[in-house]
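Put chain B on the given structure of chain A with help from the hints.
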Amino acid sequence: DGGITQSPKYLFRKEGQNVTLSCEQNLNHDAMYWYRQDPGQGLRLIYYSQIVNDFQKGDIAEGYSVSREKKESFPLTVTSAQKNPTAFYLCASSIRQGSGNTIYFGEGSWLTVV
Amino acid sequence: AQSVTQPDIHITVSEGASLELRCNYSYGATPYLFWYVQSPGQGLQLLLKYFSGDTLVQGIKGFEAEFKRSQSSFNLRKPSVHWSDAAEYFCAVVASGGSYIPTFGRGTSLIVHP
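Heads up: the sequence lines are chains A and B, in that order. Position one of the first sequence corresponds to residue 1 (the numbering used here), numbered consecutively onward. Position one of the second sequence corresponds to residue 1001 (the numbering used here), numbered consecutively onward.
Mixed in with the good hints, there may be bad ones.
Stated by the list, open to error - Under the rule of at most 30 Å between Cα atoms (straight-line distance), these lysine-lysine pairs were calculated in the DSBU-like manner:
| id | chain 1 | residue 1 | chain 2 | residue 2 |
| --- | --- | --- | --- | --- |
| 1 | B | Lys1068 | A | Lys71 |
| 2 | A | Lys70 | B | Lys1049 |
| 3 | A | Lys57 | A | Lys9 |
| 4 | A | Lys57 | A | Lys71 |
| 5 | A | Lys9 | A | Lys70 |
| 6 | A | Lys57 | A | Lys14 |
| 7 | A | Lys9 | A | Lys83 |
| 8 | A | Lys9 | B | Lys1049 |
| 9 | A | Lys14 | A | Lys83 |
| 10 | A | Lys70 | A | Lys57 |
| 11 | B | Lys1061 | B | Lys1049 |
| 12 | A | Lys9 | A | Lys71 |
| 13 | A | Lys9 | B | Lys1068 |
| 14 | A | Lys57 | A | Lys83 |
| 15 | A | Lys57 | B | Lys1049 |
Calculated directly from the structure, the hints in this document are not laboratory data.
Next up, chain A with everything else stripped away, as it sits in the complex:
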């Protein structure tokens, strides 16, 4: 089945450690996105990528990094510089920038800093 796969579903990290969240899609979508979700705050855009080897910062990029070496993969690294990383992280993708740009989401990853 086509879809967006995020892993791991749950992740615990010690303070000061970097952690990488995986996102893979087999929908042949051009664009991919990372959102952060905190209770009562909706979705906030971290990074997005419209094509391979190119990505742009979203609203809350500080303390995060991404890469887009392959069309189907868009991993997110939460660095030790992120002051409050405990959150629910959502990866998404869309077929292209035009035609309304319908975005589809993965099932999310919970990150807890201990």
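Relative to chain A, chain B alone:
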């Protein structure tokens, strides 16, 4: 830049009652509009979308939404709510020109009483 307002943080309805969730947007031209649903700890699922044409759009799970340009609104409705509809609902808008990055509302939490 576009913006989305979901004025209701929580909505409580009885099972079998009708439902309307409000969404207002701010954008100079006709935007692309979406409603998503999120169950606890899960990703977002697309309910329906409006790009152009008929202003009343039908979605999955018995939901519909009506685009009203004069009111800058895209309210979500369902004639009879089921207990399984309890979830978080997000409205999103994509500008028809520009980066095509969606802007999400803060969400409305639907509580269904038996």
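Evaluated hints:
1. B/Lys1068 / A/Lys71: Not OK: B/Lys1068 and A/Lys71 at ~37 Å, beyond 30 Å, violated.
2. A/Lys70 / B/Lys1049: Given that 30 Å is the threshold and the Cα spacing comes to 29 Å, the pair holds.
3. A/Lys57 / A/Lys9: holds (24 Å)
4. A/Lys57 / A/Lys71: Roughly 18 Å separates the two Cα atoms, so the pair holds.
5. A/Lys9 / A/Lys70: Holds. A/Lys9 to A/Lys70 sits at ~22 Å (cutoff 30 Å).
6. A/Lys57 / A/Lys14: holds (25 Å)
7. A/Lys9 / A/Lys83: Judged against 30 Å, a Cα distance of about 21 Å means the pair holds.
8. A/Lys9 / B/Lys1049: Given pair A/Lys9, B/Lys1049 holds - Cα atoms ~28 Å apart, limit 30 Å.
9. A/Lys14 / A/Lys83: holds (12 Å)
10. A/Lys70 / A/Lys57: Measuring from Cα to Cα gives roughly 18 Å; hence the hint holds.
11. B/Lys1061 / B/Lys1049: holds (14 Å)
12. A/Lys9 / A/Lys71: holds (22 Å)
13. A/Lys9 / B/Lys1068: violated (39 Å)
14. A/Lys57 / A/Lys83: holds (17 Å)
15. A/Lys57 / B/Lys1049: holds (26 Å)
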